[in-house]
Amino acid sequence: MHIKAAVDARKESGSDIVIVARTDSRQAISHDEALWRVKAFADAGADVLFIDALASVEEMKAFCAVAPEVPKMANMLEGGGKTPILSPAELEEIGFRLVVYPLSLVGVSMRAMQLTTFSVPLYPLLVE
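For the sequence shown, my numbering gives the first residue as 1467, with consecutive numbering after it.
Because the hints were derived from the structure by calculation, they are not lab data. On a predicted model such as this, the values are computed, not experimentally measured, just so you know. Be aware that a few hints might be false.
Claimed, not checked - Straight-line C-alpha distance at most 20 Å; calculated EDC-like pairs for lysine to aspartate or glutamate:
hint, residue 1, residue 2
1, Lys-1470, Glu-1535
2, Lys-1477, Glu-1524
3, Lys-1470, Asp-1490
4, Lys-1505, Asp-1490
5, Lys-1548, Glu-1524
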């Protein structure tokens, strides 16, 4: 298993890297398969667990019940993901310890790049 190899390599190197174990098997195979895999990842020593595309709050709760000592990550893919969008408080109540909002972060980053580019003194020369 790749997770075990990563954990072993981390131990050998003395690194403090965090190993996030992810599975996409929820959509490809089944929810039960995804739960089995994250349990195996936890047993192998993963630091954080993530199942992509959980389809309901019930599936999210079942995920958080597996290996409760290992932090779980949620992906709140605004405007298009399979996973229900919940507030940080709701996610914490279910059992999630980490959450990512990838589209929000990309949007903010793009706007910051636009503002920076347009504020450069040479901008008028670039558009002539």
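Practice task
Starting from Lys-1505, check that the Cα of Asp-1490 is at most 20 Å away, please.
Solution key: Satisfied, since the Cα-Cα distance of roughly 14 Å is no more than 20 Å.
Handout entry: Lys-1548 paired with Glu-1524 [C-alpha distance capped at 20 Å]
Key = Satisfied, since the Cα-Cα distance of roughly 13 Å is no more than 20 Å.
Practice task
Would you mind confirming whether the straight-line C-alpha gap from Lys-1470 to Glu-1535 stays at or under 20 Å?
Solution key: holds (18 Å)
Handout entry: Straight-line alpha-carbon gap Lys-1470 to Asp-1490, limit 20 Å
Key = holds (18 Å)
Exercise for the section: Take the C-alpha atoms of Lys-1477 and Glu-1524, compute the straight-line distance between them, and say whether it is at most 20 Å. Expected result: violated (36 Å)
Of the numbered hints listed earlier, the single one contradicted by the structure is hint 2.
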